[in-house]
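Novice: Listed here are the chains, written in short residue letters.
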Amino acid sequence: MRRSRRERRRERATLRALTSSALALLGAAGKASADTAIDHVETSYSFSTYSEDKLESSKAIPGGERNRYSVSTQQLSLAAPITDWFDMSMQLTHETMSGASPWYNSADAAGTPIQIMSGATIKDTRNDLGVHANYYTDNGRLGFGGGYSAENDYSAMNVGTDGELHFNEKNTTLSGGLGLSFDELTPTDSDLYKLRPTQESKQSYSGFVGLGQVINRRSLIQGSFTYNWNKGFLSDPYKEVFGIGGSGQRFFADDRGGARHQFAFLVRYNRHVEETESTFHLSYQYYIDTWGVRSHTAELDWYQNFGDAIQIAPHVRYYSQTAADFYLPYLRLNQQPQHEMTSDYRLSAYGALSFGVKGEYAFHTPWFRDIEWRANLSVERYLSSGDLSLKSVSVPAPGLVNFTVLSAGLSVVF
Amino acid sequence: MKRLIRAVRALAIASLCSLAGCTTLGHTWDDWFGEMKLPDFPAFDEYTESPKSYVEIALEHDFLVRVKPWERSVLARHDMAWDPDELEAARRTHTFFSKEATMPGGSAGGGGCGCN
Amino acid sequence: MLGRYPFRAMGSPCELHLYGDSRAEIDAVADAAVQLVLGLERKYSRYRDDSVVAAINRSAGDLAGVRVDDETASLLDYADTAHEQSDGLFDITSGSLRRVWNFASGRVPSRAEVTEALGRVGWSRVRWTRPRIVLPVAGMELDFGGFGKEYAVDCATALCRARGVRSGMVDLGGDLCAIGPHPDGRPWIAGIRDPRAPERPMASIPLFGAGLATSGDYERCMIVGGVRYTHILDPRTGWPVTGLRSASVVAPQCLVAGTATTIALLKGARGGARFLDGLGLPNVRMDAHGRITGSLGTPSTGAA
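Protein chains in written order, with the numbering used here: chain S, 2 to 415; chain G, 5 to 120; chain E, 3 to 306.
Watch out, some of these pointers could steer you wrong.
As the list claims (entries may be wrong) - SDA-like cross-link-like pairs, simulated, lysine to any residue; straight-line CA separation at most 20 Å:
| # | chain 1 | residue 1 | chain 2 | residue 2 |
| --- | --- | --- | --- | --- |
| 1 | S | Lys55 | G | Lys6 |
| 2 | S | Lys232 | S | Glu275 |
| 3 | S | Lys392 | G | Ile9 |
What the hints assert, rightly or not - Chain E is nowhere near these chain S residues, computed Cβ spacing over 12 Å in every case:
| # | residue |
| --- | --- |
| 4 | Leu24 |
| 5 | Pro198 |
| 6 | Ser248 |
| 7 | Leu301 |
| 8 | Asp326 |
What the hints assert, rightly or not - Listed below are several chain S residues computed to face chain E (Cβ distance under 8 Å; list not exhaustive):
| # | residue |
| --- | --- |
| 9 | Glu8 |
| 10 | Arg13 |
| 11 | Ala25 |
| 12 | Glu43 |
| 13 | Asp256 |
| 14 | Gln305 |
| 15 | Asp309 |
| 16 | Ile313 |
| 17 | His365 |
| 18 | Pro367 |
| 19 | Arg370 |
Calculated from the structure, these hints are not laboratory results.
Heads up, the beta-carbon is just placed ideally off N, CA and C, and yes, glycines get one too.
Let's have the full structure, built from the sequences with the hints guiding it.
Specialist: Structure follows, in structure tokens:
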């Protein structure tokens with residue numbers, strides 16, 4: 002049979018095309034179950050506003066500052082594969098903060114503590130940059146990361162490493178990591194306030210180890226233990242402890258000592274319910290540290306899907322903590338002042354309940370590659386008080402805060 | 005010492021609660037341990053090649069291989085990740101960390117800030 | 003030593019022949035290879051509710067489609083390439099034609115029924131933008147049966163080679179690949195079944211390290227009104243193709259060999275022969291009159 006030159010070229014091209022496609026396929030198959038870098042570029046942006054409720058009049062001095070803090074945050078993240086076994090990601094945060102914050106507690110006529118706020122601060126800005134790189138092997142991942150955060154009176158630098166090892170055909174995952182953080186504070190107006198330090202530093206060293214296990218096709222569980230050692234200047238330079246006594250009043254610096262060891266035990270469970278097209282996440286953490294604080298955190302997130310496009314996810318979080326050993330609402334001057342003292346409401350005993358809902362809409366556009374978009378809107382309300390605590394609190398801190406967060410975001414996967 | 009005892013007691017209660025919780029959510033004893041049989045431990049000298057082998061002896065068991073690679077379609081769902089929305093998780097963790105006395109578990113390091 | 007591991011997968015009798023230093027060593031490799039093949043079957047079988055193919059088929063008519071993993075995406079890319087290179091003859095959506103061509107019933111469908119069924123066939127209708135696949139017409143379905151077995155042969159061969167097996171053969175229901183020749187250098191001999199006389203091989207093909215795939219029209223057919231209708235359906239017309247009775251091709255990848263035999267049978271008697279000759283791969287085929295041709299077809303190129 003005679004065949005034209007074009008026909009012969011076409012037939013050779015056919016074999017070449019089929020062979021190269023087969024080789025590409027067989028190359029891809031080998032990596033089906035191994036760990037690989039992400040295979041697409043992802044970028045996300047989110048904007049959120051955080052605003053605290055005004056201080057209740059019963060907890061403030063008449064005519065005193067009652068407005069609290071508000072923060073507006075923008076976050077941008079980008080993650081991209083570099084090779085099959087290496088990927089990198091970056092996260093940028095820009096926050097502007099304004100408002101008054103708690104300064105010290107005074108006492109009303111009955112001796113009940115009331116919160117005195119600092120004068121409303123000028124707008125402050127915080128910028129944070131974090132980068133992370135992952136290196137993948139047949140049955141694990143090793144990651145390295147670092148970051149830098151700066152505001153006008155505070156700067157922090159951190160580095161860390163983290164990784165995972167898979168066993169039992171990726172059913173069991175052992176994870177772990179180590180991190181270091183070096184912070185420097187140069188509190189503003191330290192010349193105006195005698196007790197305020199001019200420059201201080203703080204170091205944190207932390208590590209964690211975790212074990213995750215697939216239970217079945219639709220559920221996972223993970224347990225982890227985290228340890229953190231803080232040393233250096235751990236107190237709040239903007240807060241003071243107020244001492245009242247017959248002879249008058251005196252201010253003391255917020256002093257929390259020079260060391261803090263923290264331990265957290267976390268258990269998390271994820272399960273997908275096929276009948277209702279929903280997934281729920283359940284988590285519980287027990288925390289204890291050498292300042293005497295113990296806390297419980299329990300959270301439930303429910304992701305309800307409506308088809309492939311819409312997801313409504315309500316969530317609820319319960320938190321309860323005990324007070325630090327050296328917390329006192331204010332000092333009575335006939336008492337011996339302790340070496341360590343704080344009136345910061347964040348170290349008092351209280352409970353908090355927060356609930357929120359997030360709505361997400363996913364859609365895709367078939368441009369040069371199928372691009373997946375996710376747009377989300379969420380709201381969260383946080384309430385804290387002595388009544389919500391697991392153990393009854395006799396004198397709750399007057400500065401306990403309630404806040405609302407609203408946020409909107411968009412993420413794109415190429 | 006007292007704190008340690010309290011910690012251990014609290015941890016024990018927490019583990020029992022999670023176990024009870026998981027059981028009532030539909031997992032019976034069989035789900036977890038039904039096919040369990042004690043593994044045959046190999047001769048010790050077969051496994052002294054590297055430190056990783058020791059971890060493998062401890063963690064590798066037949067009954068822990070609960071899903072095969074082709075059965076992972078549900079587990080690969082976006083909402084089955086520990087943090088489906090990383091930006092939101094980072095933001096919420098940072099908020100709670102600055103307003104509460106606790107540190108978040110599950111990761112090491114991370115950014116600091118002069119939050120007050 | 004030689005270990006033989008028979009098992010059943012993809013509706014056919016399969017066997018692994020592996021050479022190794024110790025029984026334990028080749029037992030482990032065979033076990034992994036069998037698990038791999040069964041895994042691929044579970045992942046891509048049209049008959050299993052939990053398979054990827056079933057999930058894609060359930061989404062037919064839904065314009066949102068399904069997002070698939072890397073391996074499935076590469077298989078769909080391969081099917082796309084084969085469709086293009088065969089001018090539309092290799093078409094993984096042609097499976098839905100079996101609904102009108104029911105060989106067990108012995109009934110030939112009417113022209114109208116076939117034309118109607120063609121509305122649900124056509125890879126060109128499918129929107130494939132990696133990694134999302136959309137079957138826009140309800141009732142469309144994908145069937146990986148036309149190349150799934152050959153793909154599994156290649157994957158199993160790669161696994162055995164990666165595990166250090168240098169001599170052996172993978173046989174999944176007649177689609178084979180030699181991992182390597184016998185330790186003494188002899189090739190594996192594959193016999194191609196004569197469609198008219200199943201006990202007698204029509205050709206014996208030596209394999210040193212390549213794959214061999216065979217397609218025949220005798221697997222399912224019916225004779226109605228004196229006319230023979232085979233299960234080889236042209237996806238462009240919906241009607242059976244009368245052409246080569248059987249074609250076998252040798253290629254480094256069993257996948258490529260299988261695609262070649264499938265296309266050859268769809269091209270009809272003369273077209274199929276021209277196609278195989280032009281492709282440049284060793285092959286043997288039998289036409290409707292029982293004539294055996296092809297580079298491997300002459301008796302002297304048979305047994306080594």
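Novice: Which of the stated hints cannot be reconciled with the structure, identified by number in ascending sequence?
Specialist: 1, 2, 4, 12, 13, 14, 16
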